[in-house]
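Here the protein sequences line up with chains A and X, keeping their order.
Quick note, the first sequence lines up with residues 47 to 439 if you use the working numbering.
Quick note, the second sequence lines up with residues 11 to 81 if you use the working numbering.
The hints are simulated quantities; they were obtained by calculation from the structure and are not laboratory data.
No experiment lies behind these values; they were computed from the predicted model shown.
Watch out, some of these pointers could steer you wrong.
[Said to hold, decoys possible] Derived EDC-like pairs (lysine to aspartate or glutamate); straight-line CA-CA distance at most 20 Å:
#: 1; chain 1: A; residue 1: 181; chain 2: X; residue 2: 56
#: 2; chain 1: A; residue 1: 290; chain 2: A; residue 2: 220
#: 3; chain 1: A; residue 1: 181; chain 2: X; residue 2: 46
#: 4; chain 1: A; residue 1: 187; chain 2: X; residue 2: 45
#: 5; chain 1: A; residue 1: 312; chain 2: X; residue 2: 45
#: 6; chain 1: X; residue 1: 70; chain 2: A; residue 2: 246
#: 7; chain 1: X; residue 1: 70; chain 2: A; residue 2: 316
#: 8; chain 1: A; residue 1: 53; chain 2: A; residue 2: 220
#: 9; chain 1: A; residue 1: 280; chain 2: X; residue 2: 34
#: 10; chain 1: A; residue 1: 145; chain 2: X; residue 2: 46
#: 11; chain 1: X; residue 1: 70; chain 2: A; residue 2: 245
#: 12; chain 1: A; residue 1: 101; chain 2: A; residue 2: 52
#: 13; chain 1: A; residue 1: 181; chain 2: X; residue 2: 58
#: 14; chain 1: X; residue 1: 70; chain 2: A; residue 2: 281
#: 15; chain 1: A; residue 1: 312; chain 2: X; residue 2: 46
#: 16; chain 1: X; residue 1: 70; chain 2: A; residue 2: 150
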Amino acid sequence: MPLFSDKYDLIVVGGGPAGSIAAETAAGGGLKTLVLEKDRDIGIPVRCAEAVAAKHLPQYIKIDHKFIDNWVHKFLLVSPGGIGVHISIKEDGAILNRKVFDLELAKQAARAGAQVITRANVTGMERKDGLSTIKFQHYGKEYFVRAPLIIGADGVESRVGRWAGLNTNLPLTDIETCFQYLLYHPDIVNDRLDFYFGEEAAPGGYLWVFPKGDNCANVGLGISGNKASGQSVKEYLDKFVQKKFPGASILSSVAGSVPAHRVPKKITCDGIMLVGDAAHQDNPLSGGGILNALAAGRFAGQTAIKAFDLGDFSNRTLENYAKAWKKELGMEHNVLYNLKRIIQKFSDDDLDGIAEKLVQLPDDQRTLQKMFITAFAKQPAVVIDVIMNYLKE
Amino acid sequence: MTRIKSVEEKRGNGYLKVRSGLCDFCGSCVAVCPEDCIALGENTLDIEASVCSLCLNCVKICPLHIIIYEE
Numbered sequence: 047m048p049l050f051s052d053k054y055d056l057i058v059v060g061g062g063p064a065g066s067i068a069a070e071t072a073a074g075g076g077l078k079t080l081v082l083e084k085d086r087d088i089g090i091p092v093r094c095a096e097a098v099a100a101k102h103l104p105q106y107i108k109i110d111h112k113f114i115d116n117w118v119h120k121f122l123l124v125s126p127g128g129i130g131v132h133i134s135i136k137e138d139g140a141i142l143n144r145k146v147f148d149l150e151l152a153k154q155a156a157r158a159g160a161q162v163i164t165r166a167n168v169t170g171m172e173r174k175d176g177l178s179t180i181k182f183q184h185y186g187k188e189y190f191v192r193a194p195l196i197i198g199a200d201g202v203e204s205r206v207g208r209w210a211g212l213n214t215n216l217p218l219t220d221i222e223t224c225f226q227y228l229l230y231h232p233d234i235v236n237d238r239l240d241f242y243f244g245e246e247a248a249p250g251g252y253l254w255v256f257p258k259g260d261n262c263a264n265v266g267l268g269i270s271g272n273k274a275s276g277q278s279v280k281e282y283l284d285k286f287v288q289k290k291f292p293g294a295s296i297l298s299s300v301a302g303s304v305p306a307h308r309v310p311k312k313i314t315c316d317g318i319m320l321v322g323d324a325a326h327q328d329n330p331l332s333g334g335g336i337l338n339a340l341a342a343g344r345f346a347g348q349t350a351i352k353a354f355d356l357g358d359f360s361n362r363t364l365e366n367y368a369k370a371w372k373k374e375l376g377m378e379h380n381v382l383y384n385l386k387r388i389i390q391k392f393s394d395d396d397l398d399g400i401a402e403k404l405v406q407l408p409d410d411q412r413t414l415q416k417m418f419i420t421a422f423a424k425q426p427a428v429v430i431d432v433i434m435n436y437l438k439e
Numbered sequence: 011m012t013r014i015k016s017v018e019e020k021r022g023n024g025y026l027k028v029r030s031g032l033c034d035f036c037g038s039c040v041a042v043c044p045e046d047c048i049a050l051g052e053n054t055l056d057i058e059a060s061v062c063s064l065c066l067n068c069v070k071i072c073p074l075h076i077i078i079y080e081e
């Protein structure tokens, strides 16, 4: 018996969180579903800093300590001039173990009836007479599978979107290029998320130290694509590590990019839906993408079931997925995009000025909200800019 | 074995080169390519030089600077 059928109801390209939840949802609704993952393992490599607000996870997966490496309730924001602002948060911040987390999500999809195949690199897609043909490579052989519905969960590359003629290209101003180490160093603080800002640390982005316990942390940075020149992101990171954690052990290293963009006007077309980073749905300010991707996967899976009920795979039905996502998360996404654009305009001196104001506040008044209010009080013109941008939506 | 098709296509006044062996296959270059001429496999990076418009977005975005443009 061959490993694959030649026809499915739904083919999901990409076995990350968005793809797995979409597949689980659709398969749970009775759709014959195939997930094709390019890499040899689900969840590896981990192109992610792994921090997430834990309260939203149970909608998608039962919290299990085997995929949570650490819990955090404190932030430290460090300005370009070295002023440290300590902020406590009430909600639980989780540092995930994405290798386990992604694998558990894929298992959920498999248990719901989806077929998941790793090392299946999709190399092309064509749509004809209401049916898409997906071409993929698996251990040196070429295979073709067909389905009326395709979900592109193929990350920042978003090749499915491109093949479908959707505009998913990212301008350099709206993508962050990143590099990260998993470090061990005795000076790593185990219960706090650290963020470093400024031209020296991470122009147009930030540098993070997210602890995973046992004095290990994801230490990485992202810089805005339009500010990337001269030294590579790795060189920025190496400078920081040499200064802050000299002699650290490098237990893992990974490169990658995250969209810091608006969600494109069209993320669906006849027979195609894009989810997660492929649809630029991650938080454009922080780069955090997991929760928004999970929500997208769920909505897209539900829409796939609906499309089969109606026997209609046209964009008219599928765009309801995009509308559902937008209704729940679109407004927040727009606000965050506009905030990002403003914050990127701040000079190192502006950031130091904001930090100086914040450290003077008593602990209980020092919140992330207050941080933004202080930032905008410093530059009232930018508030108007945000509102005008927002009204234009 | 890792295989990277090395591109060294003369264009205008310069050459686009991929430094073989250093690629992390992260897809950053694919994400910013307006011509969609970069294809990433599990361990291959192919640039279709005949389609490339030499915008150099991939050169700028690569976190490891493995794609280089030389005059």
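Results for each hint:
The hinted pair formed by residue 181(A) and residue 56(X) meets the criterion: a straight-line CA distance of about 17 Å does not exceed 20 Å. At most 20 Å may separate the alpha-carbon atoms for a hinted pair to count; residue 290(A) and residue 220(A) exceed this at roughly 29 Å. A distance of roughly 17 Å separates the Cα atoms of residue 181(A) and residue 46(X); the hinted pair therefore holds under the 20 Å criterion. For the suggested pair residue 187(A) and residue 45(X), the alpha carbons sit about 27 Å apart, so the restraint of at most 20 Å is broken.
With a C-alpha separation of about 19 Å, the suggested pair residue 312(A) and residue 45(X) falls inside the 20 Å cut-off, and the hint holds. The straight-line distance between the Cα atoms of residue 70(X) and residue 246(A) is roughly 18 Å, inside the 20 Å bound, and the hint therefore holds. For the given pair, residue 70(X) sits about 34 Å from residue 316(A) by alpha-carbon distance, which is inconsistent with the 20 Å threshold. Proposed proximity of residue 53(A) and residue 220(A) is contradicted: the alpha carbons are some 37 Å apart, above 20 Å.
With a C-alpha separation of about 12 Å, the suggested pairing of residue 280(A) with residue 34(X) holds against the 20 Å cut-off. In summary, the hint linking residue 145(A) to residue 46(X) is not supported, as the alpha carbons are separated by about 30 Å, beyond the 20 Å threshold. For the hint linking residue 70(X) to residue 245(A), the alpha-carbon distance of about 17 Å falls within 20 Å, and the restraint holds. Among the hinted pairs, residue 101(A) with residue 52(A) is inconsistent with the structure: their alpha-carbon atoms are about 40 Å apart, more than 20 Å.
For the proposed pair residue 181(A) and residue 58(X), the alpha carbon gap of about 19 Å is at most 20 Å, so the pair holds. Restraint check for residue 70(X) and residue 281(A): satisfied, since their Cα atoms lie roughly 14 Å apart, inside the 20 Å limit. Among the hinted pairs, residue 312(A) with residue 46(X) is consistent with the structure: their alpha-carbon atoms are about 18 Å apart, no more than 20 Å. For the hint linking residue 70(X) to residue 150(A), the alpha-carbon distance of about 36 Å lies beyond 20 Å, and the restraint is violated.
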